[in-house]
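K.L.:
As a plain string of letters, each chain reads:
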Amino acid sequence: MIELLTAVFSVTFFVTVIRASTPLVFATMGGLISDLSGALNVALEGMMLIAALTSVIVSAYAPWWVGVLAGVSAGAMLGAVMALFHLRLKADIILVGFGVNILATGGTVFALSLATGGDKGTSINLPSKAIPRVNLPFLEDVPVLNLLHGHSLLSWFAVLTVVAIWYFLYRTPWGLWLRGVGEYPAAPEAAGVNVRQVRTWALVASGALSGLGGAQLAMFNYVGFTRDMTAGRGFIALGAVLLGARHPIGALFAALLFGVFEALSIVMPNLFSWIPGELIQTIPFVVTVLALILLSIRAQRALKARGVAN
Amino acid sequence: MNDKTALRLSTALREGSRALLALVIALLVAFLLVLLTSDEPMRAFQTFLTAPLGSARTRGLWIDDVAKLTLTGLAFSLVFQARQFSLGVQGQVYVGGLFAALVALSPIGQTWLAIPLGMLAAMLTGAAYGFLPGYAKARFGASEIVSSLMFNYIAIRVVNWVTRAHLAPEGSGQLSSPDFPDTAVFPALIPGTRFDLGILFALIATGVVWFLLYRTVWGLKLRLVGDNARFAEYAGIKSKAVMVSAMTVSGAIGGLLGAVYVQGRAFGRIDIDFDANLAFEGILVAIVAKNRPLAVPFVAIAYGYMRQGAQFMGLRTDVPTEMLAVAQALIILLVASQFNVPFAKTIARLRGRRPGGKSREART
Chain A
13 MIELLTAVFS VTFFVTVIRA STPLVFATMG GLISDLSGAL NVALEGMMLI AALTSVIVSA
73 YAPWWVGVLA GVSAGAMLGA VMALFHLRLK ADIILVGFGV NILATGGTVF ALSLATGGDK
133 GTSINLPSKA IPRVNLPFLE DVPVLNLLHG HSLLSWFAVL TVVAIWYFLY RTPWGLWLRG
193 VGEYPAAPEA AGVNVRQVRT WALVASGALS GLGGAQLAMF NYVGFTRDMT AGRGFIALGA
253 VLLGARHPIG ALFAALLFGV FEALSIVMPN LFSWIPGELI QTIPFVVTVL ALILLSIRAQ
313 RALKARGVAN
Chain B
4 MNDKTALRLS TALREGSRAL LALVIALLVA FLLVLLTSDE PMRAFQTFLT APLGSARTRG
64 LWIDDVAKLT LTGLAFSLVF QARQFSLGVQ GQVYVGGLFA ALVALSPIGQ TWLAIPLGML
124 AAMLTGAAYG FLPGYAKARF GASEIVSSLM FNYIAIRVVN WVTRAHLAPE GSGQLSSPDF
184 PDTAVFPALI PGTRFDLGIL FALIATGVVW FLLYRTVWGL KLRLVGDNAR FAEYAGIKSK
244 AVMVSAMTVS GAIGGLLGAV YVQGRAFGRI DIDFDANLAF EGILVAIVAK NRPLAVPFVA
304 IAYGYMRQGA QFMGLRTDVP TEMLAVAQAL IILLVASQFN VPFAKTIARL RGRRPGGKSR
364 EART
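Heads up: the sequence lines are chains A and B, in that order.
Counting from 13, one number per residue, gives the positions in the first sequence under the working numbering.
Counting from 4, one number per residue, gives the positions in the second sequence under the working numbering.
Don't read these hints as lab results, they were simulated from the structure.
The C-beta atom is built at its ideal place from N, Cα and C for all residues, glycine as well.
Be aware that one or more of the hints could be misleading.
Stated by the list, open to error - Derived coverage of chain B by chain A (criterion: at least 3 residues anywhere in the stretch with Cβ under 8 Å from a Cβ of chain A; other residues may be distant):
id	region
1	135 to 148
2	152 to 162
3	284 to 298
Sequences and hints are given; from them, build the entire structure.
P.N.:
Structure follows, in structure tokens:
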């Protein structure tokens with residue numbers, strides 16, 4: 013127990029938490045935007061996975077930032093495809109989302125095997141690149157501030173993204189439209205807002221953000237692609253959207269919370285070799301279920317206190 | 004009455020032809036992909052299309068897949084009909100498989116009770132595992148999509164751990180339990196193949212689900228809740244209880260699939276990761292069958308054939324099995340959308356555009 017505590021209160025653990033949280037934060041923001049526009053995006057998982065592979069393959073032949081951009085565009089394109097099928101062809105958004113997820117699970121293995129010449133497990137023989145780490149050597153010995161040292165460039169960008177999304181949603185007219193479209197589409201429709209267009213852009217943005225998450229996962233957390241490497245993070249992000257009460261700041265904290273537990277499941281095998289690895293791996297999922305239930309209970313109580321529920 | 008049957012027949016025909024069209028489009032795209040990526044595209048595609056019929060053994064593999072796809076398709080159809088996006092079938096398969104394996108490896112496994120008790124244990128645990136996300140939703144309002152998926156991840160990891168650490172012979176490093184005694188394995192209907200009792204159970208389950216949905220009060224309530232939960236509530240139906248029971252019954256089917264897996268001739272033991280993601284593909288079967296239980300086996304036959312074809316293509320040629328994912332996704336997207344409408348609409352639009360275009364010009 014003491015070992016666990018010393019491990020948890022160390023700078024390296026903090027770095028691990030930030031590293032584990034960054035993909036989740038991006039995917040959560042992606043889920044939030046589409047959810048607020050009234051289109052529940054269950055394809056975050058598949059979008060991240062496809063973007064992860066895209067950025068790995070592209071970064072093997074181009075600078076790292078081109079790889080990241082390629083991942084983002086892959087995600088955005090999937091968002092556009094979802095918008096096409098959901099909004100134009102009237103398919104159920106959840107079914108479309110699972111179509112994308114199924115495409116991702118098998119399609120990435122197919123594409124990986126083509127890109128590596130037959131390897132279906134990892135991209136180990138592709139010289140893919142990493143996102144640079146932001147080193148602040150002058151802070152290294154300063155207490156507290158040294159926590160800012162050594163994070164991925166995209167982690168810093170994630171903070172910026174959350175603030176930008178908050179500003180967009182609550183301080184710009186477009187954000188108001190987007191929330192209105194999700195809340196009560198008839199009202200913005202009457203005000204002359206093109207509901208379908210707003211949802212399309214929300215899905216595209218959702219894909220682009222998940223794409224950033226995928227790129228961070230495959231170009232920083234791990235350098236290279238392994239099959240099914242997202243391992244449920246997209247669905248955990250979906251839980252984080254709900255847990256964060258559909259607000260960017262709340263969602264950020266929810267994603268950080270799940271990041272803490274993922275980081276725990278990363279450090280625990282070294283400390284407690286007697287706990288089977290499979291059980292440690294279940295921690296993020298168990299925490300997500302529990303958090304979801306606790307949040308729902310709280311939300312119910314709040315409704316009751318306001319006298320809305322029976 | 005005659006009108007009704009005629010109407011039903013025409014709907015079935017229309018839906019069937021749409022599914023077929025989706026299949027043809029998906030196959031064309033798959034063919035293009037093979038053409039672009041393979042050194043011997045003709046041989047690869049021929050393997051994909053004909054290999055499952057090759058021998059009694061391959062036909063057995065196909066039928067075995069059909070049985071399993073039917074069961075998972077039924078489990079998904081049942082919850083989808085209640086408009087619950089509970090996606091926990093995979094988790095139910097794992098816990099069901101585990102409990103069937105525990106029965107088979109216990110002293111009971113040596114007796115004739117092994118098969119019925121194994122199946123019963125699997126169905127009960129599957130039902131309990133399906134009940135959990137249902138209860139969390141009904142009682143607390145926790146999204147069943149997220150919770151059921153989390154339950155899948157948990158079940159797979161826990162069952163894999165039990166299999167590896169407790170059921171595998173100690174110190175062997177094996178990733179599977181020892182083989183079950185013969186009494187605990189389904190007898191083959193055709194000797195030497197995987198054509199076993201599983202297909203029989205799948206067909207019985209199809210009949211039972213159809214009967215439950217269309218010939219019982221519970222089924223009527225379930226479908227009403229699926230159509231419009233609020234209306235059902237006004238009509239005095241306890242929609243929450245119906246949702247939870249739908250997820251529980253669906254869980255029992257998922258559990259049954261677990262038993263069919265481990266006790267079937269394909270395994271006769273429990274392995275880690277034994278479902279090879281098939282349980283999840285029931286989502287495709289249910290979508291294409293439009294959640295209608297009687298259509299599920301037919302979709303399973305067609306899809307199971309594609310699935311086996313892709314397996315053989317992956318084994319015998321240079322095209323990876325996973326190519327199938329592209330076809331799968333296309334089928335889901337096309338069947339879930341009203342893709343035949345756009346063509347009709349475009350034509351209608353081309354005809355009716357002119358006045359609209361003029362008015363727009365007039366405005367500017």
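K.L.:
Would you mind marking each hint as holding or not holding in the structure?
P.N.:
Here is what the structure says about each hint:
Figure legend: the region 135 to 148 of chain B, annotated as covered by chain A; annotation consistent (6 residues with Cβ-Cβ distances under 8 Å, at least 3 required). Interface restraint, the region 152 to 162 of chain B with chain A: holds (7 residues with C-beta to C-beta distance below 8 Å; minimum three). Taking a C-beta to C-beta cut-off of 8 Å, the region 284 to 298 of chain B contributes 4 residues in contact with chain A, enough for the three needed, and the coverage statement holds.
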